[in-house]
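Based on these hints, arrange chain Z on the given structure of chain F.
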Amino acid sequence: MSLRVNQVSAEYRPNGAPGKRVLEGVSLHLAPGEVVGVIGPNGAGKSTLLRLLTRRLEPSAGSITLAGRALADFGRFELARHLALVAQSPVLPVGFRVAEVVSMGRAPHVGLFGVTSQADRVAVAAALEATDTARFGARPVETLSGGEQQRVVFARALAQQPRYLLLDEPTNHLDLRYQVELLGYARAQARAGVGVLVVLHDLNLAARTCDRLLVLDGGRLVAEGAPGAVLTADLIGSVFGARVRVLDDAGTPVVVPEFGLADAGLQSLESASSGDGQSPTLLEP
Amino acid sequence: MNRSGRWLVPFSLLATLAVIVLAVGNGSVYVPPADILATFGKAVRGEALVGSEVIVWQMRLPRVLTAALVGGALGLAGAIYQGVFRNPLADPYLLGTASGAGFGATLVAAVGASVPLLAKLGAPLTAFLFGLATVLLVAALARDGASLPTVRLILAGVVVGSIFTAATSFLMVVSREQAAGMLARLLGGFGFSGWPDVWTLLAFTLPALLLAGAFARALDLLQLGEEGAALLGLPVEAVKYLMLGVATLTTAAAVSVAGIIGFVGLIVPHAVRLALGPGHRRLLPLAVVWGAGFMVLADLLARNVAGPVEVPVGIVTAVVGGPFFLLLLKGRGQGGAA
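Listed in order, the protein sequences are those of chains F and Z.
Positions 1 to 285 (the working numbering) are the ones given, in order, by the first sequence.
Positions 1 to 338 (the working numbering) are the ones given, in order, by the second sequence.
Simulated from the structure, these hints should not be mistaken for laboratory data.
Cβ coordinates follow ideal geometry from the N, Cα and C atoms, glycine included.
Everything hinted at is true.
Label-pair ranges, simulated between beta-carbon atoms: (1) Z:Ile163 <-> F:Gly25: 50 to 58 Å; (2) F:Gly33 <-> Z:Leu17: 56 to 64 Å; (3) Z:Gly307 <-> F:Gly111: 56 to 64 Å; (4) Z:Ala140 <-> F:Arg76: 21 to 29 Å; (5) F:Glu58 <-> Z:Gln178: 53 to 61 Å; (6) Z:Arg176 <-> F:Glu58: 53 to 61 Å; (7) F:Glu142 <-> Z:Leu22: 34 to 42 Å; (8) Z:Ala119 <-> F:Leu112: 34 to 42 Å.
Residues from chain F that keep clear of chain Z, each with C-beta distances beyond 12 Å, as calculated: (9) Asn6; (10) Gly43; (11) Arg69; (12) Asp132; (13) Leu247.
Next comes chain F alone, as it looks inside the complex (with noise of 0.2 Å):
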C-alpha cells in the first residue's frame, strides 16, 4: 500500500539539451500513517522530488509506484484522489469564499462533469473541522491572514481524502504559532492513516514532527533515519556546511547554530553525546 521510489533519477532540460541531473538515484518509501521529512541545503532536489511524485515532471530513470502500480498509469483524477499537495506559494482565488476554494478540493472525486454528493459535502465539512477554518467558511479568502490562508489550502488538500499528503515547506513565511499548528494538522493526519511526506528547512520543526528523515545533498539522499539518528551535528556540518551543537531533549535532538567558534573538540563533544548509541544509517554515495 506504500508510496515508493526506486532509483529514481531526474533532470530538467531546457530546449532538449542534454539536461541537469537534479535527482540521483533516489529511492524512498513512504507508508500509510507515518511523516517522513525531507531536509537538504537549497538546491538539493527537494522539491525535483516532489514535482517527480506529483507528475509534473516524469523521471529519467528509476520507477515510482503507488499501492504496486507504476505512477504513470493513474488516471489524473485517479491520482488526485490518491495524492495530495500543499505547495509552497499556492495560488488563492480571489473572491471565492473559504468553503468554495476547500471543496475544489472535491473535484478528483466529482470528475469534471459530477454533480456534489453527501459524500463530498461531509468530506468538506471535515476539510474545515480539521484545520479550525469552519468559522472562516464564508469568508473570501484574499481577506484571511497569511497562515489562515495556508490553512485554507491544507483543508483543500484534506478535502481531497488522499492516502497521501505531500507538503512542500508548509511553514514558509509562517509565525511560530501558526508552523506548530499545521505540522500538529498534518501529524493528526497521519495518526488517520495518511502517509505525510514533508519538506522542511527548520531542521528542529522537522526532528519534532516526523518519524524518519530523509536528507538530500546535491541530488542524492545521503542519509535516512530517525531525526536523532540522522540529525548529528557532523551530518549537518557537512551537507549544509554550517557549525551547529546538537542537543537532546528527551531523545528529540535540537539543533543549535553555532557563530564563529573554531572549536572541534566542542563540536565533536557534542555530537557523541547527542548520538545517544545510535549511529545515523549514511548512505553510499
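Relative to the frame of chain F, chain Z by itself:
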C-alpha cells in the same frame, strides 16, 4: 453561503424580458406591451399581421432580439476569457479578438464574391477563424515563461487588434463601393438587423452557453492557477483551448452581426462578479442575461438620445459602461469590509 443569489437569476430574466418589451414598444410609433404580446401570439400562430404589427414583428423585434443576443454573447465571451486568463481585464475587445473577427467578417463582405471558400464559410465562421488566430497569437506573444502577465496580454491584444483594424480599413478603402455598408456594420449597431441575424446568433450562442456551463466547475478550478488545477486532476490545456474556442465563437457571431462593440464583455462579467461572486455556475448564465439587458438598454439609448439620428451603440456602451464600472468598483470598496 449562496449569497443572495437565488432570487437574482429569475429577477434578472424578468427584468431583461421587461426591457426587451419596452424596447420593442419604443419608436416613431409607440406600441403598448399588451399589443406587442398579442402580435407575438399572432405571428407564432401564423396569422396575418397588419399595420403596426408588421413593424413590431419585421423590424423592431428582430432588432431588439439581435441586440439582446449580441449583448449576451459578448457578456459570455468576456466571462470566459477572464476565467481562462485569470485576468479581469481580458475581454473580446482588449484581447484583439473582436478586431480579428471584424477583419474576417469584412473580408467576406469585400472579396467573398470572388473567393468561393470564403463565401462557403460565411461571415460568422470566417470571423471565428480570424478571431481564434488572434487570441492564440496574442496569448503566444504575451506569454512569459509559464505565466501570462496582464500588461503583456493587454499590450499584445491592443497591438494585434490595431493591425487587424488597419487591415480592415485597407479592405474598405480598396473595395470602395461596398465600403459604406461594411463601415456601418463594423461601427457597431443594429440598424440592419433582421431575423437571420437572430438565428445566426442563437445557433452560435446557445451551444456556447451550454458547453461553457458544462465546464463551469473546470473554469472555477482554473482560478487556482494552471498548476493548482492540474494537481486536482484537471486536463488544463484541453479545457483552456476549448473554452477559448467557445468564447471566440460567440465573439465572432456577435461581431459578424453587429460589428465591434466595446466594454460589454468587460463590464458585464465584472458587475455579475461584484453582485454574486466569481463562481462560474452563476457567472456564465447571468453574464448572458445581464449582457442582453445592458445591450438592449444601450441600443434604446442610441436610438433616442440624438433625436432622429441614431448614435452607434458602441459609443453608448463606452460612455455608459465606463462610469457604471467605476460606480460598481466604488460600491465594492465601501461594502467590501462587511
